[in-house]
Structures are given as C-alpha cells and as structure tokens.
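*Asks:* So the sequences go chain by chain: X and G.
With my numbering, you'll find the first sequence wraps up at 271, consecutive numbering, no jumps.
With my numbering, you'll find the second sequence wraps up at 1737, consecutive numbering, no jumps.
With a Cα cut of at most 27 Å, we get these calculated DSSO-like pairs of lysine-lysine:
id: 1; chain 1: G; residue 1: 1540; chain 2: X; residue 2: 236
id: 2; chain 1: G; residue 1: 1712; chain 2: X; residue 2: 236
id: 3; chain 1: X; residue 1: 236; chain 2: G; residue 2: 1513
id: 4; chain 1: G; residue 1: 1712; chain 2: X; residue 2: 54
id: 5; chain 1: X; residue 1: 236; chain 2: G; residue 2: 1393
id: 6; chain 1: G; residue 1: 1628; chain 2: G; residue 2: 1341
id: 7; chain 1: X; residue 1: 54; chain 2: G; residue 2: 1540
Treat the hints as calculated values from the structure; they're not laboratory data.
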Amino acid sequence: MTGVFLVFPALWTVYIGLLRYSLTGVSASAPTFRGIHNYTDALRDPLFRNALKLTIFFVLLSAVIGQSMLGFAIAWRMRRSNAITRSVVQTLVLLAWILPSTVVVFLWQALLSRNDGTLNALLRSGSTDWALSHPLATIVVFNIWRGTAFSMLLFSAALAAVPNSQLETARLVGASGLQQLRDVVFPHIRGHVLTNTLLISLWTFNDFTPYLLTGGGPNHRSETLPVYVYNVALKGGQLGFGSAISLIMLLINLVVALFYLRLLRERRRA
Amino acid sequence: MRVTRRASAYVIGLVVISVVATGCVGAKKNNADKKRNATAKNVTLVIGSNSIKGGKNTEGAVHTLDYTIPKFEAMEKAKGVNVKVTFQGSGADDEIYKQRLALSLKVGGGPDVFSMDGIWLGEFAQAGYIKPLDQVVGSSVGSWDGWSQISSSIMQNATFGGQRYGIPSGTDGRILYFNKKLFAKAGLPATWQPKSWADIIAAGKALKKLPGITPLQIDAGTAMGEATTTQGFLPLLAGAGQLIYDDKTKKWQGATPAVKNVLSFYQQIYSGGLGDPKLQEDQNGRDQSFAAFSQGKVGVLAESDYLWRSVICPDKSKCNTTAMPDRNQTVGFALIPAMKPGSGVAGQNFVSISGGGDEVINPNTKYPQQAWELMQFMASKASVIAGLAGTAQITERSDVNAEVLKNDPLLSFINTKVLPITRFRPGLAVYSTTITTAIQQATLDVVTGKSVGQAAQTYQQTVEKAVGANAIQTG
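The whole structure should be built from the sequences, with the hints applied where relevant.
*Replies:* Set out below in structure tokens:
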C-alpha cells in the first residue's frame, strides 16, 4: 500500500522533475530530458527563494509561535474556568477549525474587503485593503485563527495529565505562575509540545488555504511554497519544473520531521 | 562501504524506473475509427462550457439547457436515435477553466463538445489534446453549409497550422468606454474620441477633480491575468506601432521603444493618481472594476464588447448587480487611439485587439459523428439567433450578423469601425505560457513603483529565456 500510494508517486515526481514537460504545447506531447536543470533552476530562481523565505516565516509565526502559544494559553486558562465558559470558548475555537476552507475564506474576504469590509467598519479605518497592504500578516493571522483548535485540544489533554498535587506543592512553596509552568508543567508535557509542533509545522508548511485568501499576491508577497508550486505547475503549465520544486519541498518536510523525531527520541533516552 | 553500495543500488533502481517510465509521459496516440459508434441507437453526449446558469455567462448556459439540448434530442429522436445530452457548466476564471480542460483532455476525459478560447488552440493542438476536424470526424466536415457564412478573419480563431480544429463562435473587439455623466461634470464632451494617449491623460486629469471616482482603468498586473494583456497592453502596443510577435521576422518584442512607451503610459496613469494601483493587485480586481464602472465610479474603462453585452446590460436578470438600466444614455464608447495620430501599427490612427471562442470536438469522444451533428446544430442559423435571445453580439455567421447587429449601436460600431482595424494575438503556446505572464508582471512592476527601464529589462530577460536570444527584438 505504502508502495503504491507513497513511494511510486514520489519516484514519479523525481522522474517528471527531470523533464521539460508542460501542461500544453509541444512539450506536453513530446517531453524532453533536462537532467537536473529543473532543480538547479529552482534553487537559483529568486521567486523560489522568496517563497521559501515566506514559508519559513509563515510556519514560524503562525504555527510554531502563534498556534502553539495561543492554543496553550487557552488550554491553560480554561483549566480553571467553569464548564459553560469552557464549552463556549472551545466550541468557538473548534468551529474555526472544522468549517470548510472555502466557506471560511469567503467570510474572511468579507471581513477584510476594502469596500465596506467588516474590519474597516469596526476599526473605522476607511477603505484599508488589509489583504493587499499586509499580505503575510493576513495569512499568518488567518492561520492562527484557523488552526489553534488542534493545539488547544492537545494541550488540554496534556494538562489534564499534570498531577494537581505537584502544582499544589509548588504553589505552597511560593512558586510564581511562570515558575510553575517551567518547572512543573513543562516537564510533563514536553513530548506533547514536540508532537504538536511537528504536526502543525508540517501542516502549515504544506497548507494551501492561503491561496484562497490572497492567491499568493499581491506581487508574490504571500506566495508560500505550495502556492508557488501551484502557480508554476498548473497556472503556468510547467509540470516538470513544478515537480522539481515539489520534490525539494518533500525533502524539506523530511528534514523537519527527522529533526523533531530525533528530539523526541533523545527525550525518551534521557 | 556497505552504505555506498546500498546507495548506488538505490540510484540504479531509480534510473531503471525512470527508463521504464519514459514514454508513459506525453500524449497518448489514438488512431480510433472516425465512424466508431456512428449507428448507435443510444448515444450520450456532454457539452462543456465556461458558463453557468445564474452566474458567469448565464445566457450561454440557459441557451444550451433550454434550447440546444431539448431541440437536438427531439431532432435525433425523430431519426430514431436516443440521444441524451448533458451540460457541464462552469463559472470559473478563464485560466482555471483552461487548466481543468487541459487536465481532463490529458487523461483522455473531458466533454464531447466544448467551448474554448481561440488563443488556446495552438498549445492544445501541439499537446495533442485536440485534433483537426478532418481527423476526428472525417472529410465529410467540409460539406457543412455553414462554412460559407464564416468570414476568413473569424475563421483564424479556429485554425492552427492551416487546419480547421473547430467552429468559431463569434468575435469581439476592444474599445474605450466612458461615463457620460462624469464627463459632463468634468466638462468633457459626450462625443469624446481621443486622438492620442495624451488626450486620454488629459481626460483623466479633468476627471481627477471629481471626488470619489477613479478617472481611468486600464487593466494591469498579474491578478487580472489575460485581461491585462488583451484589454490593456496589446492594444496600447499596437498603438505604439508594434505587434507582440512579428510573423515575418519571427521575433517577439523585447525591451523595445514601443514596449517602453506602453509601460511609461501605465506609469503616467498609476503613479499620477489617474488610476487605482491597488485594484490592479486585487484577486478580484477585474470584477471590482466592472462593479465600480456600473456604479458610475470609473471615468474611462478599456474593455471589449463583452462588458456591454454581459456586464452592464440594462437587464437585471442577465447582468445581476452590475446591470445598468440607463446604459444607453450613460455609457459612451470610443476607439482606442494610437500613441500619436498615425503612430499605430501599419500607420493606423486607431487600433484594437480581437479574439473569440471556438466549439471543438474532443478527440476521445465515443461518438465523433453524433458530436459533429450536435456542433453543426449549435452553429446553425436558427440556433445562433436563438442564442442571442434578443440581444446582439458579433457572431461567426454573416447571415446572422446582417440581421442582428443593426439593432445595437455599440456592436454595429465594432463590426464596422473596429473589426477592419483590429489585430489578433499570436496563437502560439509560448505566448500563453510565458509571454503574457511576462507582460503582466512588467505592468505590475510599473504599477507598484519600479522604473520603466527596470520593468522592461526584467520582461526582456523572461522572454529571452523562453524563446532564445535570436527570436527577440531588442532596443
């Protein structure tokens, strides 16, 4: 099964990545062999580097920092809230996660629109075009809003496993909130933090939803790697070049995953 | 040592797979029988088009659903053939529709009869996705009586490499639209006809004094897609005396003076406060420009007759929120002037760019003969007239044009004044894969504040990379 659905398509991508192969035109019917030129071209392409840079910012800001922190903060805060507040907050956060992307993006477009957008009405900010003037910030905020639910759920479960007696002891000896977090809570949930970061990093790295919101624009300013591949391979019809970039993305994913797995393994050994 | 051996085994494995896989990529050869299933009693056909009831090009979808399908099925029933025709509508951007079509055809699927933009013909044909009608249906195609009604210039839209790939479905032309009410307020004439680009700029400056309006909208940037090239850049380039591709020298325009002149014109508009630079970057910029124009918030808009027919028509049920009940009184139109009188391509004073769609048969269809019958029916005089549903449009058929165009001031204007001076885009794959995006990027660069020289240089590098240094005309 893995062979059919994972290994073969991956090898196929490697192979197509070696061709001058396009969606239409002569090189659709008669692709020619280009060797590793697609790969070297990609690494030299300023738009590829731009996309890589944006993707790294996007992952760091929206997933590693935004979603984890906010997810943890909500989980931590909700631990002591009453059942009603907790279910209201959790439902709202979950709703952002489970609604279909197309629906959500439609709502966000109405929110951010420069013509009578909701945000402009709330802030009385005239006709500011949020998605155009702050494209990266837009997709970062959007992704935090969209994906925090997962971190929140995971941390809620993790925090439930922290023995109350230890927290109580810490409090009795006069540990501050931060000290409690660092010395009591964190050692218990370290594995969860790593797992959570690994998963959301990879999801965010490969996330295509920003395309629906900004289309990678304006002028490539929110063009993360998946959007870049789409624009190159399908909009631009350069299937060979697109495959080469896809493979590079796959390798980056592998490296990130291996890095986290190593961290996890070291923790188990310790 | 063991690691290296294992690694080399992997590499060899990869190479073997690659070699085996060679030949799996690329178009499939199909030499199927043209007469296949010609006598079938139960036939299913699918019509595909980028139109959808209640949405994009709704009148086209309604015509197919309410006229073409029932009439054609009844006609075949009378011959004792049970034909079931279904409509596969779509309301996407043209680029998305094209992509979806190419992907379906690539894997041997797709509708039996579909409409496509004539400009895609070359690249689809080169890719083997579509075939000349003679090869799909047979030489009997030549005996259709409709061919004599189609002018040779419109036939260009359905021809590639001297062969007929489908039936063209009308043509169009680019002009300048202007809002007479705004013009009156700005002290400009209701019978405006600019004679040079300077006249357009002067009108823009007069309109700029009115509050809350955008004086000029000439499409620019990558978000507008092909609209930037067709509605904006190419007519302007023709006005600066050049076509993007010279058929005789086989050269594309690089950073020539003409290209730089066009980019300078964009710069005058968008850095001089005569246009809305942000709109050009917006994902839905073109739709928003339509909406703004229909609300009387745009002074001058460069567009095709599509705007007149399908966007700002007076009928709310057809044009939805962008309908203009007072269109005929409010909206004026003018020819696109050359940069200076006589500076246009072939010494013209006025210029335009035209395009048009085609109906094409899918080479993979199970029923090529029946699909051809359906296509003839769709392009018959009665069907074409019914498809207009009382409105006018420049159709592929001279007999229909003679009857309908006189009712509409704009379309008879295009038919008599624009079509004689218009030009077509080059039907080559490299145009739509590279050149047009390079043009869009160059206009975007200018709109977002780069210098004309820089934008032109980047444009030239992109074009040169795609076509080679020998196929490019520079400086």
